[in-house]
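If you want the building blocks of each chain, they are given just below.
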Amino acid sequence: MVLLRQALLVVAAGVVAGLGANALSPRPAPLGQPVHAAAEAAAGACLADPSAAPVVRIAAAEAAALCTACSAGFVDARSARDFAAGHVTGAVHLPPAGHHDEAEALARLATFHTVVVYDGEDSCRLAEGVARRLLGRGLRDVRVLEGAWGAWMAAGGPGSSGACVACQHGPEAHR
Amino acid sequence: MTDRILAAGRIALGAILVYAAAVKIPDMAAFADDVANYRLAPAAAVPFLGSAVVGVELLAGLALVAGVAARGAALVAVGLLGVFMVALSQALLRGIDLRCGCFGGQEPASWWRVAEDAGLLLLAVAVALRGPGRLWPERPAAEAAAG
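Protein chains in written order, with numbering that gives the first Met the number 0: chain A, 0 to 174; chain B, 0 to 146.
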């Protein structure tokens, strides 16, 4: 009986500690939102959640063409470390926590017809959040990159190595 | 002698649990994705479940290392490891290709991890049944007073 009471106590304290750890984590699990298995969605990654009326998606190949033609602005919603390691050429780093100069970043993005947001997640959760914020701040054509950063790399999209020369004149990321 | 083995096993088991929890805390979102990929829990419960698993691992591990409520914590570890073994086995048998999520990172799920969990489970069962053990034998009261 004592054994069971001890075990229940450890579990109860553990649940509380876990929720606390989640709150303190730099990348917390989204407690209010459902998290789906990656393979449950059609393409296996970056799937639309129909219940949440997701932001319009754009395929990596189509987005890469827009980058080369310099007609889309790119937003990187990943961590600063991931951004520094490699990003879409000319992308603005705009993590969910915000930009140090968000007004300027928005003004730059507003010069593009289309803005493509991406992250590195199978679920595209971070990009979804940032895209919604941009839509809420008045940008009209904001899309989320299907398959996230992985798909961009797989599609041979221009990276920070400089293949996308035209994008250099667009919004340049803060580093 | 048995006491020492029990105590060493308890501390090792606790340390492994604490380590497993500690490496997940910096990226709880990734662990929630891992939990979702096991396809055992409803999507809405996944983030809560992921957080709870990490917290219970941490607290059970600390209790085992410290020897506080050690038998109860060992019983919790039995439950945790049992769930891990079932979750891993069903995923491997269903052919779901997924990250283990055991110690963070990208490591894929494997039968090797199931076997490891089985070993830890035996250790946890021993501590739950036999008690926390002692690293050093209790000194007789007279000797303790003299020393």
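Please keep in mind that the hints were generated in silico from the structure rather than gathered at the bench.
Built from N, CA and C at the ideal position, the CB exists for glycine as well.
Keep in mind that the hints are not guaranteed to be accurate.
Cβ-to-Cβ under 8 Å is the rule here; a few derived chain B residues that face chain A [said to hold, decoys possible]: (1) Thr1; (2) Ala35; (3) Ala43; (4) Val45; (5) Val55; (6) Leu57; (7) Val113; (8) Ala117; (9) Gly118.
Original post:
Which hint numbers does the structure go against, in order from smallest to largest?
Top reply: 1, 7, 8, 9
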